[in-house]
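Enquirer: Each chain, written out:
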Amino acid sequence: MVTTAPPSVFAQILDYANRADPYPLYAELRKTPVARQDDGSYVVSTYQEIVDLLHDPRISSDARDAGAADAGEDPSGVPPAFIRTDPPEHDRLRRIVNRHFGPPHTPGRVDGMVPDLRRLVTGLIDGLAGQPEVDIVDQFAYPFPVTVICELLGVPREDEPRFQVWAQALVDALDPGTGDPAERERKRAAATTEMGLYLAGLVEAHRRSPGPDLLSALATDDGPEGRLTDIELLAAATLLLVAGHETTVNLITNGVLTLLRHPEVLERLRRDPDLAIHLVEELLRYEPPVHFLPNRHALDDIEIAGTTIRGGAEVVLVLAAGSRDPEHVHDPDRFDPDRFNPDRFGLARDRDQHLGFGGGIHYCFGAPLARLETQIALAELARRLVNPRLVVDPPPYRTNPVLRGPRHLHVAIDDITPAPD
Amino acid sequence: MKLVVDLTRCQGYAQCAFLAPNAFTMHGDGEALLYDPEPSDDLRERVLRAAAACPVQAIVLDRGPVEDGSQRAAAAAARRGDMDEEFLRTGRIVIVGASLAGTRAAGALRYQGFTGSLTLIGDESAEPYDRPPLSKQVLEGWVPAEHTGLPRRDAIEADWRLGVAATGLDLAAKQVRLADGSSVGFDRLLITTGVRARPWPNPDEAALDGVLVLRTRQDADRLRRLFAARPNRVLVIGAGFTGSEVASVCRELDVPVTVAEAGPAPLVAALGGGIGAIAADMHREAGVDLRCGVMVTALEGENGRLRRARLSDGSTLDVDVAVAALGGVRNVDWLEGSGLAAGPWGVACDAGCRAFDANGLVTDDVFVAGDVARTPQPLFGYELLALEHWGNAVAQAEVAAHNMISDEAHRWPHLALPVFWSTQFGTEIKSVGVPNIADQVVVAQGSVADRRFVATYGRRGRLVGAVTFDQSKWLEFYGRQIERGAAFPPASRTVDQPDRLQPSAAEFPTRPIPTQDATVVLTGHDPAERRATLLPS
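Heads up: the sequence lines are chains A and S, in that order. Note that the working numbering has the first sequence beginning at 1, numbered continuously upward. Note that the working numbering has the second sequence beginning at 1001, numbered continuously upward.
Bear in mind the hints are in silico, worked out from the structure with no lab data behind them. Ideal Cβ placement from N, Cα and C applies to all residues, glycine included. Possibly wrong hints are sitting among the right ones.
What follows is a set of in silico ranges between Cβ atoms, one per label pair, in the way DEER data are often shown [as the list claims (entries may be wrong)]:
no.	chain 1	residue 1	chain 2	residue 2	range
1	A	Q37	S	R1484	23 to 31 Å
2	A	D301	S	L1171	40 to 48 Å
3	A	P326	S	R1484	20 to 28 Å
4	A	D301	S	T1090	51 to 59 Å
5	S	Q1502	A	E204	43 to 51 Å
6	A	R271	S	W1142	33 to 41 Å
7	A	E185	S	R1500	32 to 40 Å
8	A	P273	S	W1142	29 to 37 Å
9	S	R1092	A	D301	52 to 60 Å
10	A	A205	S	E1285	34 to 42 Å
11	S	D1041	A	E204	45 to 53 Å
To give a feel for the contact side, a few chain S residues facing chain A, derived at Cβ under 7 Å [stated by the list, open to error]:
no.	residue
12	G1012
13	A1052
14	Q1445
15	V1495
Just need the whole structure built from these sequences, with the hints factored in.
Expert: Take a look at the structure:
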């Protein structure tokens, strides 16, 4: 009789059956802070170990550096964006893109988007009027960040049906749990190529007649470190377009779901919209949009938590497990909207940082924008949805275990209050 | 609204500068953060966003009373152990020195449940304020000097005796004497008197208009006014951190500046000669007239105003302003004759912040923290080190406060790795460990040419320190490596590693040993009578 070993904890996490509530499995996972998997990779699930590895220069994000036999030019023809590179290349690429996005050179850009974000949110909520039941994902949490990233980059909003397909393929490629790896890789490369071709046309158009958008700035500006090459620009634009609309949707949807599961917090938010500011930080800890970081590997042997990660091995950082590590956070499975109240900071030894946006040099590039989008979205939904109730709990989830979030979030409402002036 | 950024924790994520761009600004092309410690009320929402977003929670806000949940108080009690409850309720604690360390200790005492009488004594009449902004955003003219108050001072219930210096300590009577002739009795005392700027040694020259030091708010405000009047040339004497930051601000304001440094390079005492040479390049690229290996021999005036400086190389220099940035003098004068081991080197204490008396015996009721404290570092051969770092003042104050209200079994040792930072020439320089005991240094990551690198420091084959230029996200890794006694030079493969790790001499100046002066006489023969007595300085 043939017996098969039970699936590892990490394999169970990848299993779609556990998508709605992976947290008990994360608790199981944390019993072995650095767990070697059958395929030779290491899964890291405790807060301190994740923080250590996020800041460890012996960890590489560049697959070309892995010494793998297939290392070389990407079959898509597009080089990795900065998320998949190491310093110094990473730092240079990220600095050049950041020149047009944030401080020190463009400090007011994200803050200056606030009126636009409010306008978009108001319009989307207005559109929910007269419906007894709405899908928060399709009618709000998806269209909102997509519109924002399109306006920021200078991508026509009406092209969304085209690039949505490619973006989906790129996001699917992050999911180690489903399908044939070779097929997944082939789809990823094909989607990268198509997205690149699409964006190349846009970049060319923006170069001829530049607008106030990021693509125009990147295509025309010559900073002290030079312009991105066309191919580097396509890689960066692909990353921003995909990341800009595949992650915030989860954060906003997870936020609505969490608030509906905690009506007393929803009621507080309705009365005090400022609560959204630090509530979003707790949300990033409690129900983060990105659950783990794959695609990293050790450049050398790393001794950590009584284990040696072998040089060359893949390392998976399970951010969502680390943010609920009871060794780090008091009462981690409780959603406490005041946990990140800045009035509490600076009091000795009571620090509950979260890993919602990662850490170290690859800290989420779009984090300030994602925060603002979610703060404004949740505050306005709380204010304007009258008597919102979950129709299904848990809601149906997207398949992806990395970018985890509901596929639909059906909410029954009595009415929409008018937009404030 | 008041705020302070703990730049010891800051890693340059710039979330604050994205979300509240008028209150937080990034400089240079990297991680150098400057901020407005008292942003106007119309920035309130943005500043809240910025503070909440900080990934390392380094922004301390002050917008009302601090919550103190009973849960936390209970946790604090568990950490304190079996402390005399009577003392916690009715004891008298006096803190001499009401700047960063003193204020932080007072906050920690209250936070950890001390409800007895708390008195803070400070010689400056201003409310407690934060000093790092003085040599940066205040001097630049962005932030008014009086807008540097430390947050959460009002929330600390205490008797604040500000503007009255302590002049003496009677250990037997347990009393602090004050300049106004009064005395304050204590059960436990915390000394956090810090340092003052070392004045220009010639008093007549120091009295000239245009000759200044930089330590206090008043100093910073006077210097800012002089800079705003666009002097023809500023002379900075000494290229340590303060001197380098002043020179950096001069160039920011396009004011001509000469820096005279007696050593071979700027920052040589903190970073060594090799890395100091990189700092020298930064000065010169910014347009500083940097002169190393040169002493200022005289400052000359006309009608009481500074006119020129004479240098040891025979040259003279026409200058309107001279800033003596010669380091600090520890404020221990008031302890003369007290019987504590206090001297120019500071006040020695154990790792639990309990002061030593002149015999080297540890005291039970006198504690020391901050710049004035000299404390053993087990990680570095138990050397007694005084650290004039912002982060050290904060960490040590917390330990001292805890130990003042804890039983013996629950005392904490102050074992935090030293970390300091400096913001200059648009670059964030950070350090962890104790580089200046190193014999060798090697750049382990990044590029010196780009001014973005990690330098690691080793002593006898062991990693003891690391310094980053605009690479602070790696600093905590090196801190952990130091804690683990990692080998030097680093043996592992890392990202952004130079082709070859070839250590060179760290080139630190020979440190004067503070105890080499004969300041103590020993008396008595029998062990019961044997005593050390400090000679008056």
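Enquirer: 51 to 59 Å was suggested as the range; check whether the CB atoms of D301/A and T1090/S agree with it.
Expert: Holds: the Cβ-Cβ distance is about 57 Å, inside 51 to 59 Å.
Enquirer: D1041/S and E204/A, beta-carbon distance inside 45 to 53 Å?
Expert: 47 Å, holds
Enquirer: Does the Cβ distance between R1092/S and D301/A fall inside 52 to 60 Å?
Expert: With Cβ atoms ~56 Å apart, the hint holds.
Enquirer: Could you check the hint for me, namely that Q1502/S and E204/A are 43 to 51 Å apart, CB to CB?
Expert: 47 Å, holds
Enquirer: Is the hinted range of 32 to 40 Å satisfied by the C-beta distance from E185/A to R1500/S?
Expert: Since E185/A and R1500/S have Cβ atoms about 36 Å apart, the given range 32 to 40 Å holds.
Enquirer: Would the stated hint for A1052/S survive a check requiring a Cβ distance to chain A of less than 7 Å?
Expert: Holds. Min distance 4 Å.
Enquirer: Hold the hint about G1012/S up to the distance rule: shortest CB distance to chain A must be less than 7 Å.
Expert: 10 Å, violated
Enquirer: Classify the hint on V1495/S as holds or violated, based on whether any CB of chain A lies nearer than 7 Å to its CB.
Expert: 4 Å, holds
Enquirer: Against the range 33 to 41 Å, how does the distance between the Cβ atoms of R271/A and W1142/S compare: consistent or not?
Expert: Holds: the Cβ-Cβ distance is about 37 Å, inside 33 to 41 Å.
Enquirer: Take the C-beta atom of A205/A and the C-beta atom of E1285/S, compute their distance, and say whether it sits inside 34 to 42 Å.
Expert: Holds, since A205/A and E1285/S (Cβ atoms, about 40 Å apart) stay within the stated range.
Enquirer: Quick check on Q1445/S please, does its C-beta sit within 7 Å of some C-beta on chain A?
Expert: Q1445/S check passes; min Cβ-Cβ to chain A is 6 Å, inside 7 Å.
Enquirer: With respect to the beta-carbon atoms only, verify the hint that P273/A and W1142/S lie 29 to 37 Å apart.
Expert: About 31 Å separates the Cβ atoms of P273/A and W1142/S, which means 29 to 37 Å holds.
Comparing the model with each earlier hint shows violations of hints 2, 12; every other hint is respected.
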